[in-house]
Amino acid sequence: MNILSIDSSTGRLSVAVNQNEKLLSETSDYNSMKHMVNIMSLLGQALSRARLTIKDIDVFGVNVGPGDFTGTRIGVSVIKILSWLEGKPAFGIDSLDIFALGISYRNISFITRCLKKNIPVLIMPCLDVRKGEVYFAFYNLTSEVDRGSKYLARIGTGGRHYFINKEGKNILVRNCDLKDLLNGLTANGVLKIPDCGSGYRNPEILIGGNCCINYGKMLSDIARQNKIFNLDKKTAYPIARHLNICAYFNAVRKVKAKNLIPVYVRKLVPFGS
Amino acid sequence: MDAIREKSKKEIYILGIETSCDDTCASVVKNGSVILSNVVSSQNEIHRKYGGVVPEIASRKHIEVIDIVINEALERSGINFDKIDAVSVTNRPGLIGSLLVGVGAAKAISYSKNIPLVAVNHLKAHIYSNILKNPDIKGGFIGLIVSGGHSSLYFVDSDWNIKEIGHTVDDAAGEAYDKIARYLSLGYPGGPIIDRLSKRGDPYYIDFPKPMMDSGDFNFSFSGLKTSLIYRTKKYKKLTAGKNIPSLAASFQKSIVEVLTEKTIKAAGKFGVKNILISGGVAANSKLREEFLRKGRENNIKIFIPPLYLCMDNAAMVACLGYYRYLEGRFDDLEVDVYSRSDI
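These protein sequences, in sequence, are chains A and B.
Residues in the first sequence are numbered consecutively from 1, following the working numbering.
Residues in the second sequence are numbered consecutively from 1001, following the working numbering.
These are computed hints drawn from the structure, not numbers from a lab.
It is possible that some hints are incorrect.
Claimed, not checked - With a straight-line cut-off of 25 angstroms between C-alpha atoms, the simulated BS3-like cross-links for lysine-lysine are: (1) B:Lys-1138 with B:Lys-1179; (2) B:Lys-1030 with B:Lys-1179; (3) A:Lys-258 with B:Lys-1113; (4) A:Lys-55 with B:Lys-1083; (5) B:Lys-1049 with A:Lys-267.
As the list claims (entries may be wrong) - Listed below are several chain A residues computed to face chain B (Cβ distance under 10 angstroms; list not exhaustive): (6) Lys-34; (7) Asn-38; (8) Ser-41; (9) Leu-43; (10) Gly-44; (11) Ser-48; (12) Ala-50; (13) Val-78; (14) Leu-82; (15) Val-265; (16) Leu-268.
Unchecked claim - What follows is a set of in silico ranges between Cβ atoms, one per label pair, in the way DEER data are often shown: (17) A:Arg-266 with B:Asp-1159: 50 to 58 angstroms; (18) A:Cys-196 with B:Thr-1227: 54 to 62 angstroms; (19) B:Glu-1335 with A:Gly-189: 15 to 23 angstroms; (20) B:Val-1169 with A:Cys-196: 53 to 61 angstroms; (21) A:Lys-131 with B:Lys-1138: 50 to 58 angstroms.
The beta carbon of each residue, even a glycine, is placed where N, CA and C say it ideally should be.
Between the sequences and the hints, there should be enough to build the whole structure, so can you do that?
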């Protein structure tokens, strides 16, 4: 299965082509004012480096946000039309899912060590969504899943694989309230995820995402004061190849592709009305 | 351009896409003049409660429907993509967030179907809304584009070089209509509402100023007129009594229409042309149409105004302009950008 995904929802525009879970090519550019100018040439380059044409692509993926509104729509518009014209499914992947995968890949050794010792590991991608608010969710990792489980993706190394599963809902909170919220959720060393029956005793929680850019100090303070939390500052940008992985597993699980629409964190209130 | 028309014998199908403001539009046009389909997904109902277009809302709506609108245009035309020769899309001027959706879609079409892309100027496309219905128009005319976003005059010479000779220095005419309608709580969009009310009113009820009528140039200004109405109605509250609203509207409209018609006719005199092409949303205004046709007859000038559905933003005019660019081989590469402003 050949997959092509576009991520245009941040200052970094990237296009990646995979064959199943294997990356064939990835192109990117860091000029956020030029996403419309660069998007088709990056797409063309990614395909030619993978020695494929657009007709060879079986599944499309696109980051639907939350992220930059304008940038996100560029990618969504292109993928929406390409998937329609090529008659192939397209999956809109939430930013948080892509970050969850990225944080997991970067910390696979740490994750493997913890899980071998039966220490629960949670991934917590955290996004700066402006207006002084942050947006995050929890994902856990399991070595097995039930049939029909809605896992996000499978990652692994050395013959050992783990499934990433989203737990509970996405949470929007003011940045000044984040520390108290997280401390409250992990009182007495037990993580209780809101709107979810799950509870994890003495987990390791990996925080990453673009919050590391604007709220790095705040998150470092949280991690220093509450040892349950570990900060990975090097996961500030989503990576298109991870989009491909998410799209791939959507296809494997035969998820029905929906109409691609960007994700907005808040309801729009024009002019403060 | 006249010579280029002569050359083409093959039937040429152009898909037009227009998303520069708040209407998502797609159209298939044959040979630059036969409209096979013309689809417009309007957002008027959505922006009505805000009294004007909210750019972020417009952009969100475009991305929701762009594929549906394009698909609808093809289905209604009975033409499939195999027969489409090129895709023409507005890339300037307009709201950036809106333009991006249409241009992104057009680039994807061009890439997937391996057909040329033509990126066009929205204002120039409005001029071509008249050429759609009158393909034999020759170069050498005055063009007036008057809408919610623009009020500009152009001289188009016999070689089809287009030069702007005047523009609004503040509000566009359609914008003035919208603001007054909002001020008087009449609804949105203001133009059609004021036009309808004016028919029952006395246009001599108030003698509003005719801004820049004697400025010696071909520029316009409408914000002073708007201010004059607001000032007078605040001072004389009876002017906004229910029974007087139609006459207030008629007087306001008379001032706008007179300025537009007289300056445009003067421009035709100065540049020695006998044809005037009117386009844009305000070209749907019944008083404007009536006055232009009357003044045109008086001055022996032929007036071209599109049918109402081609006055509003639409993709048929974009496809028409795209047709002539296609014949000239003037295509754009897939790195074309979008622009909020541009000269024609």
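We went through each hint and held it up to the structure:
1. B:Lys-1138 with B:Lys-1179: violated, 37 angstroms
2. B:Lys-1030 with B:Lys-1179: The given pair, whose Cα atoms are some 39 angstroms apart, is violated under the 25 angstroms limit.
3. A:Lys-258 with B:Lys-1113: Given that 25 angstroms is the threshold and the Cα spacing comes to 23 angstroms, the pair holds.
4. A:Lys-55 with B:Lys-1083: holds, 19 angstroms
5. B:Lys-1049 with A:Lys-267: holds, 16 angstroms
6. Lys-34: Holds: closest Cβ of chain B sits about 8 angstroms from Lys-34 of chain A, inside 10 angstroms.
7. Asn-38: holds, 7 angstroms
8. Ser-41: Holds - the Cβ of Ser-41 of chain A comes within 10 angstroms of chain B, reaching about 6 angstroms at its closest.
9. Leu-43: holds, 7 angstroms
10. Gly-44: holds, 8 angstroms
11. Ser-48: violated, 13 angstroms
12. Ala-50: violated, 16 angstroms
13. Val-78: holds, 5 angstroms
14. Leu-82: Holds, because the Cβ-Cβ distance from Leu-82 of chain A to chain B comes to roughly 5 angstroms (cut-off 10 angstroms).
15. Val-265: Violated - the Cβ of Val-265 of chain A stays beyond 10 angstroms from chain B, reaching only about 13 angstroms at its closest.
16. Leu-268: holds, 6 angstroms
17. A:Arg-266 with B:Asp-1159: 50 to 58 angstroms: Holds: the Cβ-Cβ distance is about 53 angstroms, inside 50 to 58 angstroms.
18. A:Cys-196 with B:Thr-1227: 54 to 62 angstroms: holds, 58 angstroms
19. B:Glu-1335 with A:Gly-189: 15 to 23 angstroms: Violated, at about 55 angstroms.
20. B:Val-1169 with A:Cys-196: 53 to 61 angstroms: holds, 60 angstroms
21. A:Lys-131 with B:Lys-1138: 50 to 58 angstroms: Taking Cβ atoms as reference, Lys-131 of chain A and Lys-1138 of chain B lie about 56 angstroms apart, which means the hint holds.
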